[in-house]
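Trainee: Which chain is which? The protein sequence lines are A and B, in order. Here the first sequence is numbered in the UniProt record's numbering, starting from 1 and rising by one per residue. Here the second sequence is numbered in the UniProt record's numbering, starting from 1 and rising by one per residue.
Read the hints as simulated data drawn from the structure, not as lab findings. For each residue, glycine too, the CB sits at the ideal point set by N, CA and C. Check each hint, because a few of them may be wrong.
Only some residues are given here: those of chain B computed to face chain A with a beta carbon under 10 Å [claimed, not checked]:
no.	residue
1	L94
2	L173
3	A586
With a cut-off of at most 35 Å between alpha-carbon atoms, the simulated DSBU-like pairs for lysine-lysine come out as follows [what the hints assert, rightly or not]:
no.	chain 1	residue 1	chain 2	residue 2
4	A	K78	B	K465
5	B	K79	A	K78
6	A	K79	B	K180
7	B	K508	A	K131
8	A	K70	B	K92
9	B	K214	B	K194
10	B	K79	A	K61
11	A	K79	B	K122
12	A	K79	B	K459
13	B	K79	A	K85
14	B	K79	A	K79
15	A	K78	B	K214
16	B	K179	A	K85
17	A	K79	B	K171
18	B	K569	A	K79
19	B	K465	B	K508
20	B	K680	B	K171
21	A	K79	B	K179
22	A	K78	B	K508
23	A	K85	B	K566
24	B	K569	A	K78
25	B	K179	A	K78
26	B	K566	A	K78
27	B	K615	B	K680
28	B	K358	B	K337
29	B	K179	B	K92
30	A	K78	B	K171
31	B	K194	A	K131
32	A	K79	B	K508
33	B	K92	A	K79
34	B	K459	A	K78
35	A	K79	B	K566
36	A	K85	B	K92
37	A	K79	B	K465
38	A	K61	B	K92
39	A	K78	B	K92
40	B	K117	A	K72
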Amino acid sequence: MFYNFNKIEEVKIRLRSAEGHICEVEESAALMSSFIRSMIEGFNEVTEVSLPNINSVVIEKVIEYMRHYKDKDPPIIKKPIISSKMEENTSAWDAGFIDADWNMVVDLMTAADYLMMIPLRDLCCAKMACKFKGRSIDELRAEYHIENEFPSEMEENLEFQHPWRLE
Amino acid sequence: MKKEELKKNTRILKGKETSRECLLEITNSSIDHRQPLKKRSKSFKCPNYFQMIPNDLMICIFGFFSASELITEIQLVCKDWRYLANSPILWKELSSANVELKWLVRCVECLAERRSKGRIYKGYLRSTEAPVILRKVNLDVTNAGFDDGVPTSLLREIGYLSEFSHPGIVKILGSEVIKKTVYTCTEQCTYNLKEFIKFYETGNCRNIPLPMIKSLSKQMFEALAYIHDKGVIHRNLKPDNILITDSGQLKITDFTLSRLASIPHYMYTPEDPKERNRSGREIRRLWYRAPELLLRSDIYGFEIDVWSVGCLIAELITKMPLFNGESEIEQLFKIFKVAGVNEDEVSTQAKSFPKWEKINFSDVLAEPNSEEFKRIISALIPAREQIFTVLRQIGAIIGASGLDLLQKCLDPNPKTRITASQALCHPFFDIEMSSPSDSLQSYISHLLSLESQISPSPKYLIMQKDINAAMRSILVDWLIDVAVHFEVNDETLHLAVNYIDRVLSVAKVERSNLQLVGVACMKIADVFHERSKEYYRQENSIEYAYITADEFTAAQVVEMEKEILKRIKFRVLAPTTLFFIKAYQAELNLDLSTYKIALFLSDLMLLSYESLKYKYSLLAAGIIYISCAFTQGFPAPQNADFFTNFPSSDFSSVIEFIKSFWLDAKTNPQISRFEAINHKHQDINPRQLWPPSTHYQNRYF
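Just chain A, same shape as in the assembly:
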């Protein structure tokens, strides 16, 4: 790493959003993203990264996460999740952070994937999993307007694949 820790003022990385807004973040926090790391590492002069497919709101949210976990490791979410409540699967801060509406979670998940931030991506995925967890098949179909595409014979076939399902 070429970052100089003795500097009094930390270098700020400028992230340019889809709308063209600039959001600033400390370099040490930004390095959580392997994508940003690969853009700036080895190039001392590079301080701006363009993220044309992430909008400002999401970038702000990502930066909030980066700052929080700047000096510590994010908790690892155990698989499989044990509850449909996020608080029971991970730390209180994480659960509070990800407590957002559907669109925000999806956008954040896609952004985290793009930025190659595995812990954040996993947090979002776990949140999504929580939304499905503990719902019956019919409830899921109703909630997300999914058609039942399986003719009844197919269900039988699935029964057959797992004859011990009913045991």
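Based on the hints, put chain B in the right spot on chain A.
Mentor: Frame of chain A; chain B shown alone:
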């Protein structure tokens, strides 16, 4: 607005696009052979919710579910979800976690259901889409109507297959016990030999080509030499148990009737006495049985497998079983018509049979019109013309060298029958082989490799809060008593102590449960290795519970047995000091009195927790050394090389250890109170024996 952008953006991420395509390719080409899944449809029904989430992120989301949730819920929601929930990427991750075997296999067909073998399913591993066989055995049904623990057949199959790693032997992919059900999963091949032969019968080319016959027979001998070197007799080779892959790789399967041969041989219990009486149902097995088995020889060995291979090679050529007797006696007569009677056979039964001269197989190749041929024909009793025709047919394909190999395999005398590793050097297999491998040496190196893989931790008592070395000794002493009472053999006892030590190395055991662990280990060893007479009463668990003075119930014994099998990961084929002593005895050929001392010492060492700090092989060598010193004053010089194989400092340390423990057993009341061992070895009267004063000196250098 935002969503549309995102949709566009996901497409911009080129890497994503390709990885998604890749995923589609992989999963689509290999998923569910009965009902292939369609590609993720373009006109997705619920664009508002899932369309902007790429497949790999959906898989990541599904990764937070358990295997059972994925199968019983997620995959039933819609086709897309079903496709994603079955993705190999997802299951590869789940396979490395601790997921129950039954979820990892997608079963497509129930192949068979038998009382003894359980239900056998054909299926595919979700993680790799490799075809597998999943066997599910309900213990309540398998045993006589109630759960009596894991039966011999399963324990042997799992125990042996777990230790084998050879292209010619079926791989076991996992096994587990859940409540009253055992699951095992093995790899699956396209054909078995029966189907393979049928395939050729109905196909265009009538005969299996000679190179194929050679390759298959050679692979059979290779696999056989491998298992024989590991000290195991298969005992049930028949076309159904020989699998062949698409690429022509042969794999031996079904080790349910196999057993460890002991060195030197002693009487075995029959494979399964109940099964023997149902020979009508097991007729196919009869056809491949060696004559010594039919004559009820109590001592038999690896030769019986070679006989079966001989029959199988002939069947490959003629596509008919060579000896297809309807009953045991007809089977014997058919064999004698071809192979002649074993001259060494002392059984009065065999002497009363009609005397058939041996056919010299190479004679069948004589010119049909020659004088010699007429002489051979007239020498044969008329009833043998049919078999002569069959042999001519075989000879026409495999030639003189093939006939010679076949005759050597079908030698009625097991002592002169060719061994698997000798057969590999036979000129029939074109490749020149220097000399057959030394099976005793390969057996010993097999034991050494087992020892390096599965040995108890030498310091496990540190983590045990509730038990100490003295309690372990009391338990072992009691087990020696039980072993004498149940007449189980020494190997069984030693295996049981190995299991106890391994269980204590990995799990905390309460004092009150120690005896339960002990009997359960003894029961496993008994069921796995040599079934004691108690086994035939079918209520093994009741007998073993009874021996604890009803301290524990049969159900508790069975419960503990399953827990132990889980802990030792079904690796029941374990090394022990005794196996090494027997192998060394075969190598050094010590006299009987020395050997008896060695057996006594090996039992004595079981009592010592401290002895675990030495490897079994080293301890066995030390015991042999001391036994020699005891009876002969000093080991014979011709055996010196043997002892110098061990590092000299370790060796002198183990010698001192054995001697001091032996002395303790005489003088230290802590150990001398254990009487079971003295009682067991009363023929050498151990109470009167004192350890020799010899120290180990490297005087040969």
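Trainee: Work down the list of hints and note, for each, if the structure agrees.
Mentor: Now for the hints, and whether the structure bears them out:
no., hint, verdict
1, L94, "holds (9 Å)"
2, L173, "violated (18 Å)"
3, A586, "violated (47 Å)"
4, A:K78 x B:K465, "holds (31 Å)"
5, B:K79 x A:K78, "holds (27 Å)"
6, A:K79 x B:K180, "holds (27 Å)"
7, B:K508 x A:K131, "violated (40 Å)"
8, A:K70 x B:K92, "holds (32 Å)"
9, B:K214 x B:K194, "holds (17 Å)"
10, B:K79 x A:K61, "holds (34 Å)"
11, A:K79 x B:K122, "holds (29 Å)"
12, A:K79 x B:K459, "holds (34 Å)"
13, B:K79 x A:K85, "holds (27 Å)"
14, B:K79 x A:K79, "holds (24 Å)"
15, A:K78 x B:K214, "violated (54 Å)"
16, B:K179 x A:K85, "holds (31 Å)"
17, A:K79 x B:K171, "holds (29 Å)"
18, B:K569 x A:K79, "holds (24 Å)"
19, B:K465 x B:K508, "holds (8 Å)"
20, B:K680 x B:K171, "violated (40 Å)"
21, A:K79 x B:K179, "holds (24 Å)"
22, A:K78 x B:K508, "holds (26 Å)"
23, A:K85 x B:K566, "holds (33 Å)"
24, B:K569 x A:K78, "holds (25 Å)"
25, B:K179 x A:K78, "holds (26 Å)"
26, B:K566 x A:K78, "holds (24 Å)"
27, B:K615 x B:K680, "holds (25 Å)"
28, B:K358 x B:K337, "holds (8 Å)"
29, B:K179 x B:K92, "holds (26 Å)"
30, A:K78 x B:K171, "holds (32 Å)"
31, B:K194 x A:K131, "violated (53 Å)"
32, A:K79 x B:K508, "holds (27 Å)"
33, B:K92 x A:K79, "holds (14 Å)"
34, B:K459 x A:K78, "holds (33 Å)"
35, A:K79 x B:K566, "holds (23 Å)"
36, A:K85 x B:K92, "holds (27 Å)"
37, A:K79 x B:K465, "holds (32 Å)"
38, A:K61 x B:K92, "holds (32 Å)"
39, A:K78 x B:K92, "holds (17 Å)"
40, B:K117 x A:K72, "violated (55 Å)"
Checked against the numbered hints above, the structure violates hints 2, 3, 7, 15, 20, 31, 40; every other hint is satisfied.
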